[in-house]
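*Asks:* These are the residues of each chain, in order.
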Amino acid sequence: MADITAAFAGAARPRLGPVLPVLLLAAPALAASLVNLSIQLPPERWWATLAGHGLDDTAVILALYSFAPRLVVSLLAGGALGLAGALLQQVLRNPIASPTTLGLEAGATLALAATLVGAPALVGLGREWVALGGGLLAIALVLALSRRSGFAPLVVILAGMVAGLACAALAALLALFNSHYLAGLFLWGAGSLSQQDWSAPAFLAPRLALAGLAAALLLRPLTLLGLDDGAARSLGLSLALARFAALAVAVALTAFVVAGVGSLGFIGLAAPVLARIGGARRVGARLLAAALIGAALLWLTDQMVQLLSGVTGAMLPTGAVTAMFGAPLLLWMVPRLRLPPQVGAGLVAHATGLVRPLPLLAGLALLLAVAALASAALGPGGGGWTLSGPADPVWALRAPRILAAMAGGTLLAVAGGILQRMTGNPMASSEVLGVSAGAACGLVVAMFAFDVVGRAGQTLAATLGALVALVGILALARASKGAPERVILAGVAIGALLDSLVSLLMASGDPRAVLLFNWMTGSTYGIDLSSATISLAAAGLALAALPLVARWLDILPLGGVSARAVGMPSFLSRSLLLALAALATAMATLLVGPLSFVGLIAPPLARLAGLRRPLAELIGAALLGSLIMVGADFIGRTIAFPWQLPAGLVACMIGAPAFLWLLTHKQAAP
Amino acid sequence: MTPLSRRALLRGGLAAGVLSLPLAGPAPAGTALRPPFRVVAMDFGLAETLIEIGLPPVALPDPGGWADWVVEPALPPGIVNLGTDREPNLELLAALKPDLIVTTPYLAAIRPLLEGFAPTREFPVYAPPGGHPYALSEAATRSLGAAVGRTDEAEALIARAQAAMAQAGAGFVRAGIADRPVLAVNFLDTRHVRVYGSGSLFGDVMERTGLVNGWTRPSNYWGFSTVGIEELAQSPASSLLYLEPISVDTLDRLAASPLWNSLAFVKAGRVLRLPPVLMFGMLPSAMRFAGQLSRVLDRRPSDG
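Protein chains in written order, with full-length UniProt numbering: chain A, 1 to 670; chain B, 1 to 304.
Everything labelled a hint here was simulated from the structure, so no lab data went into it. Every value quoted in this text rests on a predicted model; they were computed, and no experiment measured them. Where hints are given, some of them may not hold.
Covered, in the sense of this in silico footprint (three residues per stretch, anywhere, with C-beta under 8 Å from a C-beta of chain A), are these stretches of chain B [unchecked claim]: (1) 89-97; (2) 108-120; (3) 170-178; (4) 256-269.
Just so it is clear, CB atoms sit at the ideal spot from N, CA and C, and this is done for glycine as well.
Extracted from the complex, chain A is given alone in its bound form (with noise of 0.2 Å):
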């Protein structure tokens, strides 16, 4: 074990390696199982249990229907999913891959909503294989999406991404038409490991077996595909079989945990990071510390969310419970975290060909005035469908929507803009960066802790929520030198915190938890013509900054060493660029929910079709995002009369779809 260094810059580390967080996890976790078994049965009928005695008393039936098939699923899912997530990460080299990000938990979650309100019936053959099936389409659909460009990292990335959200968004949809029967669901969703016999451990451990037994022998080619990938061909390794195999086996890992319990994405993020902090440097030692880490992490998380709800007799999903702590112990690990030098190959958007920007802006800009009219005048009413004049009693009704949805696709993309071009990475939006998700907790700490109900206190509450997310952003901007990738695993991390607090509030069942669901999935609904105008303006007033910005951005994706060259301080102007996009996200957020889709998709639109200077882009995806946010207002308010769509879920549907269409056909192979 020569090559186990440090993790940590400067620090020595004892030669137990790995092995110290396994033990770390796993003690406590023992206790927390002792105290827990003792509650249900008593130690001194411990021996007379394991010997067959009184086999029909309800505390020893408990125990061994309950606690004990309870045990070994926690053990094999967190081990699982350690695994898959060390897959993924040595195989897309990059630090916050996870099965997440594969869209794989939410093709499984979207299989079961669809199939438990268009077909129950087909539930009645196993919820485990409507699960697989989904996420068997939803991975197959993303490496169709990347196979063009040889499976290249970010590319599976980036298609894994968008494809999750827009699973997510058309389960979202369908919960929010059926709340009463998809109560399930979001137990599901949250990752409850509450067991009432040997079923799950049955199911899960042969196939856990297997798809372990096939890792190991992949230990080879993982090897290589850590190399950059002209080394890798030089050794005569096919890059796309290497990855394609280990993908196939981290997707069936996770697959089956999913199918079994539910979706516990957290810890297949944590696990081989903790594995790599703790100095598991090959990557033979990295799969087998990340799988032992995950097994006792979800062990430790489990007991102890049995030892908190017999105090407080409230049911905590465990899933929800792992990411709740998951996200701070990743935020306290980001600015630790040694990250590979990011990796070239990938989206590279391919103009195509020379544009001059503004007869292009100025048709966008025309282009959304129209949408922007049509919109407010066309309507169906109780009798059909109606053109109306700027006289009509539905102009003040429709035009506080349109207003704001302008408003929100704006900021969104300007927000999603900067992150990407500072740091050249595509994956990064305003909901990568945690602000969204930041006023989203404000808003559910006050609906839920305080009984704050009423508008202005919810607009007081997200408000507050987006600038501690900020703060603490910015904090940790400063702390890691402004270096993009770790803001962004941050913003990841809070992200999973909001999460974490929504499942918890939507399997707990409080009916609250459904008004928070429908302002989550960005409904422009019921805003007031002051708020959009106000909100108007604020979007004015960030594209009125963006020239004061435009040089910054053309200069920081070539590094510091080019800025300072040019006489730019790197540090100043980095931290600057991200508060223009927290600030631009916290607005956005409190108009159309933290479904920021539209800033993920519109700057790479705006290169697509040809702008590539950072000022044009910027305007170009700002107009691009406000126009598909109007669109996606008209269609949700009038495709399902008199039911309404949010806004935020229809731009999702429509996004999603032409961002990967776009993905496959200009994406050239390297």
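Given the coordinates of chain A, assemble chain B onto it according to the supplied hints.
*Replies:* Below, chain B without anything else, positioned relative to chain A:
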């Protein structure tokens, strides 16, 4: 069946009795309202109460869901669909020109919006910190009746509900099953249930009909807890009532679970299926639940 017709007879008799009583005092301001008084109900519980006092709402969010969750009283035809309750269609609302909108604290966030279309009244039955929905429903029924100028009909409904409770309770005493702990649940999936505790409408009905709610742990302000099925083993309940809807695989899966089969009410064969009853409803739902309880519990011979 006989219980139903018996109840209907009793209900009619009681209503007639109440109506024949001379009512003291002048009717409140409500009587000044125009005859075709147009009310929009934002909640199923308020809508079922309006139907029972003879003034069905003109519009309602998701009337299509009525058959899945409420069933009884039947929804009159021609009620306008407003979409979801969180986001009722404002353009439709403006076109309907209602005289009154009735809503609940759950929709407090959109109340300022609703007030732009008609006078809006809020009736708390399920609200923090929680309470007893039956008693709160009685109060809400009274104030709703006053708000729409139908105080007599509201009092009659309250009396009908009381009579229904008393009648179901008497039936349980006759069948020798009073004071027996009972659990009322909805299955969420094959591993979890929503169980209705002391702050729920179902809990209140059990209390008023002399049964004992087998779920004594604290619940949220809607009166339920979400728990894994293994938690039910802690309850002393000798019967389990589950309400439709239930997904098709749930009972098959449970039948294979040793833990499920070890539960007292499963061993005794007292796992009873009920048609849908609105769990977050008001007095009409309480009456329906009491009726369904009588139907499934009275019929079974008492044993033990």
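*Asks:* Each hint needs a verdict: does it hold in this structure or not?
*Replies:* Structure-based check of all given hints:
Interface restraint, the stretch 89-97 of chain B with chain A: holds (6 residues with C-beta to C-beta distance below 8 Å; minimum three). Under a criterion of three residues with beta carbons nearer than 8 Å to beta carbons of chain A, the stated coverage of the stretch 108-120 of chain B is upheld, 5 such residues being counted. Figure legend: the stretch 170-178 of chain B, annotated as covered by chain A; annotation inconsistent (0 residues with Cβ-Cβ distances under 8 Å, at least 3 required). Judged by the Cβ-Cβ criterion of 8 Å, the stretch 256-269 of chain B is covered by chain A as claimed, because 6 of its residues qualify and three suffice.
When each numbered hint is compared with the structure, a violation occurs for hint 3 only.
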